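Visitor: Sequence:
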Amino acid sequence: MQFQIEFVALANGKHPFKEFIQGLSLPERAKVFETINYFVELKNQNAPIKENLSKHLEDGIFELRISSSETIIRTL
1 MQFQIEFVAL ANGKHPFKEF IQGLSLPERA KVFETINYFV ELKNQNAPIK
51 ENLSKHLEDG IFELRISSSE TIIRTL
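Count the sequence shown with my numbering and you get residues 1 to 76, in order.
Calculated from the structure, these hints are not laboratory results. None of the values given here were measured: they were computed from a predicted structure. Note that beta-carbon positions come from the ideal geometry of N, C-alpha and C, so glycine has one too. Fair warning: there could be bad hints in the mix.
As the list claims (entries may be wrong) - Below, in silico cross-link-like pairs of lysine to any residue (SDA-like), each with a Cα-Cα straight-line distance of 25 Å or less: (1) Lys-18 with Phe-62; (2) Lys-43 with Ser-67; (3) Lys-50 with Thr-35; (4) Lys-50 with Glu-28; (5) Lys-14 with Lys-50; (6) Lys-31 with His-56; (7) Lys-55 with Asn-12; (8) Lys-43 with Asn-12; (9) Lys-14 with Leu-42; (10) Lys-43 with Gly-13; (11) Lys-43 with Ala-11; (12) Lys-55 with Gly-23; (13) Lys-31 with Ala-11; (14) Lys-43 with Phe-33; (15) Lys-31 with Asn-12; (16) Lys-50 with Ile-73; (17) Lys-14 with Met-1.
As the list claims (entries may be wrong) - What follows is a list of derived Cβ distance ranges for each label pair: (18) Gln-4 with Glu-70: 27 to 33 Å; (19) Arg-65 with Leu-26: 19 to 25 Å; (20) Gln-4 with Pro-48: 29 to 35 Å; (21) Gly-23 with Gln-2: 18 to 24 Å; (22) Ala-11 with Ser-67: 32 to 38 Å; (23) Glu-70 with Lys-18: 17 to 23 Å; (24) Phe-17 with Asp-59: 24 to 30 Å; (25) Pro-48 with Leu-10: 18 to 24 Å; (26) Lys-14 with Gly-60: 28 to 34 Å; (27) Glu-34 with Ala-11: 18 to 24 Å; (28) Phe-3 with Arg-74: 17 to 23 Å; (29) Gln-4 with Lys-50: 18 to 24 Å; (30) Ala-11 with Thr-71: 20 to 26 Å.
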């Protein structure tokens, strides 16, 4: 089974990740999507993932840690 990323849509119609990503600069957005793609690739290969990239929080929920030149971005 392939690992997939799902973006949450709340009952009130809000999309928290979309709102979060729109608040980032274009280079930060690119880094976030690059990291998401890399994470999915590693998961699909059953490769170990270092905790500085991702932390498993609970069933199917991971925190991604994305380092940019100016800050560290975290998202679920």
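Visitor: Against each hint, give a clear statement of whether it holds in the structure.
Guide: Structure-based check of each hint:
| no. | hint | result |
| --- | --- | --- |
| 1 | Lys-18 with Phe-62 | 17 Å, holds |
| 2 | Lys-43 with Ser-67 | 19 Å, holds |
| 3 | Lys-50 with Thr-35 | 13 Å, holds |
| 4 | Lys-50 with Glu-28 | 21 Å, holds |
| 5 | Lys-14 with Lys-50 | 31 Å, violated |
| 6 | Lys-31 with His-56 | 20 Å, holds |
| 7 | Lys-55 with Asn-12 | 28 Å, violated |
| 8 | Lys-43 with Asn-12 | 31 Å, violated |
| 9 | Lys-14 with Leu-42 | 29 Å, violated |
| 10 | Lys-43 with Gly-13 | 29 Å, violated |
| 11 | Lys-43 with Ala-11 | 29 Å, violated |
| 12 | Lys-55 with Gly-23 | 23 Å, holds |
| 13 | Lys-31 with Ala-11 | 29 Å, violated |
| 14 | Lys-43 with Phe-33 | 15 Å, holds |
| 15 | Lys-31 with Asn-12 | 29 Å, violated |
| 16 | Lys-50 with Ile-73 | 16 Å, holds |
| 17 | Lys-14 with Met-1 | 29 Å, violated |
| 18 | Gln-4 with Glu-70: 27 to 33 Å | 30 Å, holds |
| 19 | Arg-65 with Leu-26: 19 to 25 Å | 20 Å, holds |
| 20 | Gln-4 with Pro-48: 29 to 35 Å | 20 Å, violated |
| 21 | Gly-23 with Gln-2: 18 to 24 Å | 30 Å, violated |
| 22 | Ala-11 with Ser-67: 32 to 38 Å | 33 Å, holds |
| 23 | Glu-70 with Lys-18: 17 to 23 Å | 22 Å, holds |
| 24 | Phe-17 with Asp-59: 24 to 30 Å | 19 Å, violated |
| 25 | Pro-48 with Leu-10: 18 to 24 Å | 33 Å, violated |
| 26 | Lys-14 with Gly-60: 28 to 34 Å | 21 Å, violated |
| 27 | Glu-34 with Ala-11: 18 to 24 Å | 31 Å, violated |
| 28 | Phe-3 with Arg-74: 17 to 23 Å | 19 Å, holds |
| 29 | Gln-4 with Lys-50: 18 to 24 Å | 21 Å, holds |
| 30 | Ala-11 with Thr-71: 20 to 26 Å | 31 Å, violated |
Hints 5, 7, 8, 9, 10, 11, 13, 15, 17, 20, 21, 24, 25, 26, 27 and 30 from the earlier list are contradicted by this structure; the remaining hints agree with it.
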